[in-house]
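Engineer: These are the residues of each chain, in order.
There are 2 protein chains.
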Amino acid sequence: MDDDEILLTPGPVPVPAEVREAAARQVIHHRGAAFHQLYASVRSRLLPLFGGSGDPFLFPGSGTGALEAAVVNFFSPGDRVAAVVMGEFGQRWASIAESFGLEVRRYEVEWGKAPEAPQLAAWLDRNGPFAGLLLTYNETSTGAAADLPAIGRLARERSLPLLIDAVSALGGMPLEAERWGVSLVASASQKCLISPPGLALLWVAPGAWPQVERAGLPRAYWDLREARRAGERAETPYTPAVTLWYALEAALERIEAEGLESVYERHRAMAERWRRGLSRLGCSLLAEERVASPTVTAFFPPAGVEAPELLAALRGLGVEAAGGQGPLKGRIVRVAHMGEVGPEDVDRALELLGKALARLGAREAKA
Amino acid sequence: MDDDEILLTPGPVPVPAEVREAAARQVIHHRGAAFHQLYASVRSRLLPLFGGSGDPFLFPGSGTGALEAAVVNFFSPGDRVAAVVMGEFGQRWASIAESFGLEVRRYEVEWGKAPEAPQLAAWLDRNGPFAGLLLTYNETSTGAAADLPAIGRLARERSLPLLIDAVSALGGMPLEAERWGVSLVASASQKCLISPPGLALLWVAPGAWPQVERAGLPRAYWDLREARRAGERAETPYTPAVTLWYALEAALERIEAEGLESVYERHRAMAERWRRGLSRLGCSLLAEERVASPTVTAFFPPAGVEAPELLAALRGLGVEAAGGQGPLKGRIVRVAHMGEVGPEDVDRALELLGKALARLGAREAKA
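First to last, the protein sequences are chains X and E.
The working numbering numbers the first residue of the first sequence as -19 and each following residue consecutively.
The working numbering numbers the first residue of the second sequence as -19 and each following residue consecutively.
It cannot be assumed that every hint is accurate.
Given that identical chains are not distinguished, each listed pair holds provided it fits within a single copy or across any two copies.
Straight line, CA to CA, 25 Å or less: simulated SDA-like cross-link-like pairs of lysine to any residue [to be verified]: (1) K335 <-> A13; (2) K93 <-> A13; (3) K309 <-> R205; (4) K335 <-> R138; (5) K309 <-> E212; (6) K335 <-> L297.
Treat the hints as calculated values from the structure; they're not laboratory data.
Model, not experiment: these values are computed from the prediction.
Please put together the full structure from these sequences, using the hints given.
Structural biologist: Printed below as a string of structure tokens:
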């Protein structure tokens, strides 16, 4: 990427120079005192992002790896599992669960919308019992976010383990995992955590370990029992991606310095700024205001402009945005406002978007 | 690690500054032209290390991940598999295969030795048939290397798929995977490839794809069929650890510049230099000359010196070496001569080892 390119793809996001420099540090052996310190530092800095309790673990991996890890550590062959599918990533998680021989029942939500807790509760009661509920907290493919406190409540009322995909949420949206009744969180390093890709993150609620111990699916690489045992001596079961740990440590220090509440508030404000700007440019928003994601926004171009041509025009102006997936392929444009994004970044991107639309002959909507 | 520390652990190994700087480059989106170029560059630079043909794949992962990937992509539940166990990593691979429900028969070799092809052939004929043979090419826990051409020949004669762990071999020892009858190679970035840890490497022989297609074990993250499909458009199935790809590209350029044959010859020469120096210092070598690894050497300290106290004395001098594992725990010291190691590095390390032994009261053997 040239320095003057603008990366708006919903992950990976631009990584601050300080974080990239940390990734360039010399490697250390992962069975010595220096690594033990790094382990403790990353663990304690990560915990507030999950809500302050429980156990976070890092694996060399991607977000998809974290989703697979969640499945193999919680379930047994043939288990019936409920999966909320509100976009591409919910779909991916359900497919992974099926690959491992689980019986998956999908609660389908129109792409761009989020599940309504009462309807979901009724569906669960009608179709259960289930060994667990898989939920995408923030659907990167649509820019819709689930009402996690409400769904956590209904899961808890049913003693239903709730596993969430927080890949594009962690560090950008409030999360009180234990208090909200979440059993496991799956995430990754390259989105709101402003780090290079290559780390899968898992978090396990204190009360969820008996289910992890009981789970009968085959597991070795992703085995959380081994990760927990090694973690007691501040180590990992096998070679960690240590330079990515350094990067994540530096990134978490930046998040800490800004203050977690400020970071969340900034994400909310930038989402709002994008949505206002897009409406002004005559674009229509995919997700309604009340389910709008603080980290990703998806929109339809103004009438007469096709999403693929808009993406190409943006690319011509040095802006890399993303298109739609699944049923939205070719129909929408997605922009991320994750990580260290401020008002001037959003305004600059909106200005270039206006320019791209003008080139394509779209008239600006009246402000 | 301080700059003046000497890291002799058998992975990770010190990463050259140029490679670390490459890892600090800004991330790019993995569905664009810049990544397509990177993919092609890394692929073409990796191929000669495997022998020039076949398909290499990178996953965010570790060597252990590569071993799991090998298992899930080649076998079906209940398959009978033969595993040569000549140390900790052979043991680990056999255990992973068992975790996934395979029936594993172990061909045990005394730690520090390597399998003799005729005996192994007879054992396979007596105990077969098998769906595959797992072999550690270079046993990092003992510093013994297998006679891969001979074992490849016997596997081919029996149409037995041969899967090898080349984690501490790839880029440091000759490999002609297809010509030698290897079906799959598993490796990782942080050893002879002088890159940071975090990439699992898989190589598949052209003729092995039907077995990969047939394999019935559950797989999603490690699915080589998906990696192959995405590879056709120079992409990965999910977010790659792109900064580690940059590092690996820079590392492979360095290996190319030195010349692969020179790199192999240097590794052999440095192993020889270590072995001579260790004998001079009164240490006894675990592996016999004819099976000695070009990348790792394990030795017993002179009589009267315990391995753990020697490791501690070395640490006091700024040298990080490794101890023994399994039955060799507390008995041996292991040093790596992987990556960009030259005569002056070996001599400096031997000098410090001599100093550590002197502090512990060992008399130097007569040269």
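Engineer: Each hint needs a verdict: does it hold in this structure or not?
Structural biologist: Status of each hint after checking the structure:
| no. | hint | in the structure |
| --- | --- | --- |
| 1 | K335 <-> A13 | between (54 Å within a copy, 23 Å between copies) |
| 2 | K93 <-> A13 | neither (48 Å within a copy, 32 Å between copies) |
| 3 | K309 <-> R205 | between (39 Å within a copy, 23 Å between copies) |
| 4 | K335 <-> R138 | neither (52 Å within a copy, 66 Å between copies) |
| 5 | K309 <-> E212 | between (46 Å within a copy, 21 Å between copies) |
| 6 | K335 <-> L297 | within (9 Å within a copy, 63 Å between copies) |
Consistency note: the structure conflicts with the earlier hints numbered 2 and 4.
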